[in-house]
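Enquirer: Generate coordinates for the entire structure from the input sequences, incorporating the hints supplied.
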Amino acid sequence: MSYALRIDKQAAKTLKSLDQPTIKRLLARLTELTKNPLDHRTSSPLEMDPSVRRSRVGNWRVFYEVDDAEQVIAIVAIKPRSRAYRKL
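In case it helps, this note's numbering puts the sequence shown at residues 107 to 194.
Heads up, a few of these hints could be off.
[Claimed, not checked] Calculated pairs, DSSO-like style, for lysine-lysine (alpha carbon to alpha carbon, straight line, at most 30 Å):
| no. | residue 1 | residue 2 |
| --- | --- | --- |
| 1 | K130 | K119 |
| 2 | K130 | K115 |
| 3 | K119 | K185 |
| 4 | K130 | K185 |
| 5 | K115 | K141 |
| 6 | K185 | K115 |
| 7 | K185 | K122 |
| 8 | K141 | K130 |
| 9 | K141 | K185 |
| 10 | K119 | K141 |
| 11 | K141 | K122 |
Simulated from the structure, these hints should not be mistaken for laboratory data.
Expert: The structure is reproduced here in structure tokens:
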């Protein structure tokens with residue numbers, strides 16, 4: 107059973123501002139995450155907040171939370187690696 111995606115307003119804005127190849131790669135990863143959001147090969151929990159997971163896509167990081175009860179993945183941020191871990 108796959109999870110539904112809920113994308114935060116700021117994350118959606120960031121996604122829309124990117125070039126097409128990067129958007130395609132990020133959307134492919136988001137699709138992957140809907141099948142298994144806790145897969146250790148595609149994501150890992152943050153040390154500072156284990157309820158938030160991160161997934162690396164090139165120089166970009168996708169930060170998300172998983173709600174198993176509702177079967178929802180909430181994308182909380184999409185940031186470039188250089189700024190990814192500041193003020194999450």
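Enquirer: Within 30 Å, alpha carbon to alpha carbon, are K141 and K122?
Expert: Status holds; Cα separation ~23 Å.
Enquirer: Hint check: K130 vs K115, CA-CA at most 30 Å. Holds or violated?
Expert: With a Cα-Cα distance of about 19 Å, the restraint between K130 and K115 holds, given a limit of 30 Å.
Enquirer: Need the status of pair K119, K185: alpha-carbon distance at most 30 Å?
Expert: At roughly 11 Å apart (the allowed maximum being 30 Å), K185 and K119 satisfy the hint.
Enquirer: If you draw a straight line from the CA of K119 to the CA of K141, is it 30 Å or shorter?
Expert: holds, 24 Å
Enquirer: Under the criterion that the straight-line Cα-Cα distance not exceed 30 Å, is the pair K115, K141 satisfied?
Expert: holds, 23 Å
Enquirer: Are K130 and K185 close enough, with their CA atoms no more than 30 Å apart?
Expert: holds, 15 Å
Enquirer: Does K122 sit within 30 Å of K185, going by the straight-line distance between their CA atoms?
Expert: holds, 12 Å
Enquirer: Hey, K141 versus K130, does the alpha-carbon distance stay inside 30 Å?
Expert: Between K141 and K130 the Cα gap is close to 17 Å, so the pair holds against 30 Å.
Enquirer: Given the proposed pairing of K185 with K115, does the C-alpha separation stay at or below 30 Å?
Expert: holds, 13 Å
Enquirer: Given the hinted pair K130 and K119, is their alpha-carbon gap at most 30 Å?
Expert: holds, 15 Å
Enquirer: Does K185 sit within 30 Å of K141, going by the straight-line distance between their CA atoms?
Expert: holds, 22 Å
Comparing the model with each earlier hint shows no violations; every hint is respected.
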